[in-house]
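Asks: Start from the sequences, fold in the hints, and give me the full structure.
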Amino acid sequence: MTFADWLSEFWGDVSNDYLLVLLLMVAISTLLIPFLSKKYRKYLTVSLLVIVLTSLSSNRILAAQIVISTIAGWFIGSVIQLIPQISNRLTSANYTAGILKEHGIAVKSVVPLATDARGSKSFRVVYQNGQQAFLKLSEPVHKNADALYKLYRQMLFRHVEDETPYISTKQKVEHEALMTLMAREAGVQTPGIKEIVADRHGEQVYILFDFIKGKTLSQISNKDVDEKILASLWQEIKKLRAARIAHRDLRCANVMIDASGEIWLIDFGFAQSSASKRRLNIDIAELIVSLAFIVGHKKAVDSAVEVLGKDVVEEIVPFLQGPAFTKATRTQLKRRPELLNLIRGYAVGKSSAADPQLQRLARITPTNVFIAFGFFFGIFFVLPQFGQLGQIIT
293 MTFADWLSEF WGDVSNDYLL VLLLMVAIST LLIPFLSKKY RKYLTVSLLV IVLTSLSSNR
353 ILAAQIVIST IAGWFIGSVI QLIPQISNRL TSANYTAGIL KEHGIAVKSV VPLATDARGS
413 KSFRVVYQNG QQAFLKLSEP VHKNADALYK LYRQMLFRHV EDETPYISTK QKVEHEALMT
473 LMAREAGVQT PGIKEIVADR HGEQVYILFD FIKGKTLSQI SNKDVDEKIL ASLWQEIKKL
533 RAARIAHRDL RCANVMIDAS GEIWLIDFGF AQSSASKRRL NIDIAELIVS LAFIVGHKKA
593 VDSAVEVLGK DVVEEIVPFL QGPAFTKATR TQLKRRPELL NLIRGYAVGK SSAADPQLQR
653 LARITPTNVF IAFGFFFGIF FVLPQFGQLG QIIT
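Numbered continuously in our numbering, the sequence shown closes out at residue 686.
If you are wondering where the hints come from, they were derived from the structure by calculation, not from laboratory data. Please note that the accuracy of each hint is not assured.
For each label pair, taking beta carbons as the anchor points, the in silico distance ranges come out as [as the list claims (entries may be wrong)]:
no.: 1; residue 1: VAL359; residue 2: LYS642; range: 44 to 54 Å
no.: 2; residue 1: GLU394; residue 2: ARG416; range: 18 to 28 Å
no.: 3; residue 1: ASP408; residue 2: GLY553; range: 18 to 28 Å
no.: 4; residue 1: PRO404; residue 2: VAL359; range: 34 to 44 Å
no.: 5; residue 1: TYR387; residue 2: GLU598; range: 43 to 53 Å
no.: 6; residue 1: ARG622; residue 2: ALA478; range: 22 to 32 Å
no.: 7; residue 1: TYR335; residue 2: ALA355; range: 41 to 51 Å
no.: 8; residue 1: SER524; residue 2: GLU394; range: 35 to 45 Å
Every residue, glycine too, gets a C-beta built ideally from N, C-alpha and C.
Replies: Rendered as structure tokens:
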């Protein structure tokens, strides 16, 4: 007699209880892992294995049910992690300063920064010698959020070229460091990397960059963005494109201007090497849209044509649509929905080609929803009526 059979005699049918306990344990483990040492993580892992093996010993539970319960538990735990009160647990300035000091970094102060950063938190670090650094923190919360975001994109959009979700937070940070170094090697002006630091649990990973004194393009007025700045920006994008590096979050919020007027590209956390022309074109399309909010659609398109050429601008026209852009850009477009048509029309006028068709990027459209609704309506409501047709006739 198996343990499951013995428990079934004592408690009744426990198959659903096993699955519920497994789901809850996975959710709790996902939620608590960032706050536990390796010792207690082992205890959680052993507990999960005991539940899984006990579940498998029951003939009433399928392996597929165990997999589904595990995925559902991870999903629930990841969503709960996104609650600010939980995700801020280990991201205080004092905690961060303590971690840096443990690694022998002479820190005078650590100050949180309000930045438009996706999937990370930012700090300004002041060393004992007065020098400064920009610190970017990645957590398991952000790793799980990244996986959820990529799953969401796979479900909603076609031909998604996202990177595979990272196994660990450190792998995610190391990927950003690699992409930053590749961009610098290609001649792109981006802050240099000072150091990568992980906390004692190996889950909170910090990357320190050279500190750039300046503002992002999204923080300055349109009067301060002249032709020289736009030309310098597109020259940096031209280098990035030549190296086949897709930034994948190319917005004005990720373009800095220092005190001397130099352009800096920042935040390569979502970047992709050996990118396809399609992905590179989406980068340019999004930057043109982002610039149009500041300098207007004509100036944004003209500056791109001046440096990149008419052919490149012609190639990006099919991607001038909401589904091609990041959530931040789509949110901006909701306030000015007419802007995309203005950009698209002006870009077509600047190129030699006729108005090209927009590429189909959205997987789920109103038409698809209508067809799916009709299919299920037919299966569950119409077909059963045919089974009763004989009774109705007689």
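Asks: For each hint, tell me whether it holds in the structure or not.
Replies: Structure-based check of each hint:
no., hint, verdict
1, VAL359 to LYS642: 44 to 54 Å, "52 Å, holds"
2, GLU394 to ARG416: 18 to 28 Å, "20 Å, holds"
3, ASP408 to GLY553: 18 to 28 Å, "21 Å, holds"
4, PRO404 to VAL359: 34 to 44 Å, "40 Å, holds"
5, TYR387 to GLU598: 43 to 53 Å, "48 Å, holds"
6, ARG622 to ALA478: 22 to 32 Å, "29 Å, holds"
7, TYR335 to ALA355: 41 to 51 Å, "25 Å, violated"
8, SER524 to GLU394: 35 to 45 Å, "40 Å, holds"
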